[in-house]
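Colleague: Residues per chain are reported as follows:
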Amino acid sequence: MLTLYIPMDSVACAVGADGVAAEFAAEAERRKLDITIVRTSSRGLFWLEPLVEVDTAQGRAGYREVSPDQVASLLDVDLAANGDHLLSVGLVEQLPYLKTQQRLLFARAGITSPLSLEHYLAHGGYQGLQHAARLSHDEIVAEVLESGLRGRGGAAFPAGIKWRTVRQAQAEQKYVVCNADEGDSGSFADRMLMEGDPFLLIEGMTIAGLAVGASRGYIYVRSEYAPAIAVLREAIDIARTHGYLGEDVAHGGHEFDIEVREGAGAYICGEETSLLESVEGRRGTVRAKPPLPALQGLFGQPTLVHNVLSLASVPLILSRGASWYRNFGMGRSLGTMAFQLAGNVRRGGLVERAFGLTLRELVFDYGGGTASGKPVKAVQLGGPLGAWIPPSQFDTPLDYEALAAIGAMLGHGGAVLCDDSLHLGQMARFAMQFCAEESCGKCTPCRIGSTRGVEVIERLLAAPDSAERECQRALLDDLCDTMQYGSLCALGGMTPFPVQSAMRHFPADFGLDTQEQAR
Amino acid sequence: MNAQQQDTLQQLLQQYRDLPGGLLPLLHAVQDALGHIPAESIPAIARAMNQSQAEVHGVIGFYHDFRTTPPAAHSLRLCRAEACQSMGSEALAAQLRTQLGVDDHGHTADGQLELRPVYCLGACACAPALQLDGQLHARVTPEKLSALLAACGKEAKC
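Protein chains in written order, with our numbering: chain P, 1 to 519; chain E, 520 to 677.
Calculated directly from the structure, the hints in this document are not laboratory data. Heads up, the beta-carbon is just placed ideally off N, CA and C, and yes, glycines get one too. Treat the hints with care, as some may be off.
If the Cβ cut is set under 8 Å, some of the chain E residues that face chain P in the computed set are [to be verified]:
#: 1; residue: 585
#: 2; residue: 600
#: 3; residue: 606
#: 4; residue: 641
#: 5; residue: 671
For reference, chain P alone in the conformation it holds in the complex (with noise of 0.2 Å):
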């Protein structure tokens, strides 16, 4: 008998997944062969997608960028036996773009499949619940503060005091809020755990739930995420009927249950309190801080907001122990990080590594560089808010802080490739432009800025001679620091990022002399 693997995830689906194993279970069916498919996550080895793998003596072979039309072509040879094909690549888990990564977060992906609560358990599922149980509760919260884990969404808080102060504070209800708007350009990796994984989300939810004493979890879930929203509710069902959620759910009479709510197309609901807002039923505008969520957040009160790679964290750190979880790292970046490679890259997918590999090993290595076969021009790191990067850079470690030093930022990890067909005095616009169309409206130098950013750089872009140039530049430089020290969040505080490391490090892109720019 033969078996199958082929992801359920929705990009290896949209392109073409689905229809692929259709065929495979068509054409099994007319050739009368026994075979057994099974729809899994996705390993996030996305330029291979749809891969198929197989179960051979050695371990999974794979088939990569199988069409419905190669179906049969790759049922005539000897699949089990790792039979040889146009379309292989081996042994999956010896590709050197996975052997070298450090699945930590992602162990399951491409593994297990999405829904299979026997294949989560089989695979270290609720370990790390079945440890906090035995711990109390302020023992737990030592263990994450230990661990040194730091908020993934991007601004990269230390965890363990956010739930040392959720924890401390007093109230009748407090809540956990899962952040799951992961609206950044090249960014995917929240995607693919809720959808390849989402038991390891509800097991960390729940153990924060333990650790900091709130009985009600909510996932925010972008609506552009449609098939992670259906693959929750339904993890989530089952969870419930296994007693995993619900009044008792370790067995020390806790309860703790979760609700997903869907988004509704505004990127500034990433921001935490925009995304409190929204769950509770109104516009998306910013609070001022203080207050602290963790003090009075959701429906006014304590409230531990989390991404949802930082609650996914949680289980591994409680069933391996912080000091484990410590050995990967570097400086004050501890654990591993998902980094996400996109746009124009010849291998884009998810990489799982201790923070401190460089840019140019994750663009190259990894990426191969750009799909186009053309230099690397830029990488845009950390979503629209993250500055463009110049290949003079990519020797930059990825750390929170050497990042930080040279006027980047790590961000949700994502990394957006290009080559000198993107024109960085248009994406500098873009920049603003997106500002614009996002901005919540509760502070001028946003809402205002970035619309008069727009106009600046068309005119910066237009300017007929240096002079005028000039003009605009210092229009646009005054502009940007406005927005970066004025701003109430970081949209319009860091929109200023892209716009300003593109004219710092691509002047001609502007129309700006070099020496121009060196002044």
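Place chain E on chain P using the hints.
Modeller: Quick look at chain E alone, frame taken from chain P:
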């Protein structure tokens, strides 16, 4: 709204009125059921959720997803974020302009297809991406776009 739509609305109001922070889930449910949020439904929604009509209008207007007019038969959402731009999404937008005469937030002359920009569909490793009638498509080439349009009855004009 016809009687059936009124009934649907009443059922949804009953279902969501006591849900904490239930306005967004309610609006989603109304839109899923009726295709849009009819302007006539807003007073009833406001009453049920104990909010002012202005607040409900404010929420509908704030979020890109909510609409108060019926949708076209086909909805195309082309990703315009950085990763897709680096792989040619602007050329796809230009193709839609020349082939169908449709621009961002616009619709074809026959009103059958509407085009909306979207900023990230999470398919950035297989850019460019688009969503056609809710279905995600990635690694979209000009040829693939033409084929998708043809499949939903939108042949290229030129």
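Colleague: Give me the numbers of the hints this structure contradicts, sorted from smallest to largest.
Modeller: Going through the list in order, the structure violates hint 5 alone and respects the others.
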